[in-house]
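Participant: Kindly produce the complete structure, drawing on both the sequences and the hints.
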Amino acid sequence: MGTPPTTNPTAERDLRLDFFRGMALIFIFIDHIPGNKLAYATVGSWNFCDAAEIFVFISGYTAALVFGSMLLRAGPLLTALRIFGRCWVLYVAHVFIFVAFMAQVSLSAERLANPIFLEETGVDEFLKTPHLAVAHALTLTFQPAFMDILPLYIVLMLGLIPALPLIAHYPWAAIALSAALWIATLRFHLNLPTYPDGT
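Its first residue numbered 1, the sequence shown is counted upward by one per residue in this note's numbering.
Honestly, I wouldn't trust all of these hints.
Derived SDA-like pairs: lysine to any residue, alpha-carbon spacing no greater than 25 angstroms straight-line [to be verified]:
| id | residue 1 | residue 2 |
| --- | --- | --- |
| 1 | K37 | G60 |
| 2 | K128 | L118 |
| 3 | K128 | P193 |
| 4 | K37 | N47 |
| 5 | K128 | S106 |
| 6 | K128 | M147 |
| 7 | K128 | R111 |
| 8 | K128 | F146 |
| 9 | K128 | A103 |
| 10 | K37 | A103 |
| 11 | K128 | L107 |
| 12 | K128 | T139 |
| 13 | K37 | E120 |
| 14 | K128 | M157 |
| 15 | K128 | I167 |
| 16 | K128 | L77 |
| 17 | K128 | E110 |
| 18 | K37 | A52 |
| 19 | K128 | D148 |
| 20 | K37 | D14 |
| 21 | K128 | G198 |
| 22 | K128 | A168 |
| 23 | K37 | M147 |
| 24 | K128 | T199 |
| 25 | K37 | F19 |
| 26 | K37 | D50 |
| 27 | K128 | D197 |
Restraint ranges, calculated between C-beta atoms of paired labels, are given here [said to hold, decoys possible]:
| id | residue 1 | residue 2 | range |
| --- | --- | --- | --- |
| 28 | L156 | D197 | 16 to 26 angstroms |
| 29 | N114 | D197 | 16 to 26 angstroms |
| 30 | T141 | L15 | 27 to 37 angstroms |
| 31 | R111 | L166 | 45 to 55 angstroms |
| 32 | A184 | R73 | 32 to 42 angstroms |
Just so you know, the hints here were simulated from the structure itself, not pulled from any lab data. Please read all numbers here as calculations on a predicted model, not as lab measurements. Quick reminder that beta carbons are idealized off the backbone N, C-alpha and C, glycines included.
Facilitator: Here you go:
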């Protein structure tokens with residue numbers, strides 16, 4: 001008859017996934033410190049992928065576990081609404097972090113009298129044309145330094161809405177489409193352009 005649905009919200013979580021996702025975030029932090037000798041011990045120095053790709057993979061795997069079980073219990077419409085709700089929470093968090101980041105970097109650059117700090121973080125583009133930068137930030141296309149993880153995660157989570165029913169019912173078709181998208185991206189240089197440089 002199958003396993004009855006559970007009401008325990010932690011029953012769907014695997015703390016091992018949270019642990020390794022946290023480790024990936026620590027490795028990302030270490031890899032972004034210039035001249036850090038600890039970076040030689042992170043996965044990016046000896047592996048075919050870096051910590052950011054591991055973070056994205058584990059996050060996608062976790063999302064598939066959580067929302068996949070919800071799809072089987074509640075159906076595609078409610079699951080899509082829950083995914084969209086999760087994306088909205090992440091979007092609001094990103095906007096708040098963006099504002100705090102802009103304020104902190106601008107204040108630090110002024111106090112330290114170091115305009116190179118603004119250029120290195122991409123905040124100079126915000127100060128040149130704030131009206132355009134804010135508009136692009138709200139559409140997730142303006143991503144200063146270190147601010148690209150949440151926009152990527154939000155876009156991939158939105159992609160889970162149409163992909164999850166396909167994964168549940170036709171997994172090999174989902175794998176084939178994923179491989180085709182990967183090959184097409186490499187072959188035709190597909191890109192989601194960002195502001196202002198387009199990469």
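Participant: Are the hints correct? Go through all of them and say.
Facilitator: Right, here's what the structure says about each hint:
| no. | hint | result |
| --- | --- | --- |
| 1 | K37 - G60 | violated (30 angstroms) |
| 2 | K128 - L118 | holds (11 angstroms) |
| 3 | K128 - P193 | holds (20 angstroms) |
| 4 | K37 - N47 | holds (17 angstroms) |
| 5 | K128 - S106 | holds (12 angstroms) |
| 6 | K128 - M147 | holds (19 angstroms) |
| 7 | K128 - R111 | holds (19 angstroms) |
| 8 | K128 - F146 | holds (20 angstroms) |
| 9 | K128 - A103 | holds (15 angstroms) |
| 10 | K37 - A103 | violated (30 angstroms) |
| 11 | K128 - L107 | holds (16 angstroms) |
| 12 | K128 - T139 | holds (19 angstroms) |
| 13 | K37 - E120 | holds (21 angstroms) |
| 14 | K128 - M157 | violated (32 angstroms) |
| 15 | K128 - I167 | violated (45 angstroms) |
| 16 | K128 - L77 | violated (43 angstroms) |
| 17 | K128 - E110 | holds (15 angstroms) |
| 18 | K37 - A52 | holds (19 angstroms) |
| 19 | K128 - D148 | holds (20 angstroms) |
| 20 | K37 - D14 | violated (32 angstroms) |
| 21 | K128 - G198 | holds (17 angstroms) |
| 22 | K128 - A168 | violated (47 angstroms) |
| 23 | K37 - M147 | holds (24 angstroms) |
| 24 | K128 - T199 | holds (19 angstroms) |
| 25 | K37 - F19 | holds (23 angstroms) |
| 26 | K37 - D50 | holds (16 angstroms) |
| 27 | K128 - D197 | holds (14 angstroms) |
| 28 | L156 - D197: 16 to 26 angstroms | holds (22 angstroms) |
| 29 | N114 - D197: 16 to 26 angstroms | holds (22 angstroms) |
| 30 | T141 - L15: 27 to 37 angstroms | holds (35 angstroms) |
| 31 | R111 - L166: 45 to 55 angstroms | holds (52 angstroms) |
| 32 | A184 - R73: 32 to 42 angstroms | holds (34 angstroms) |
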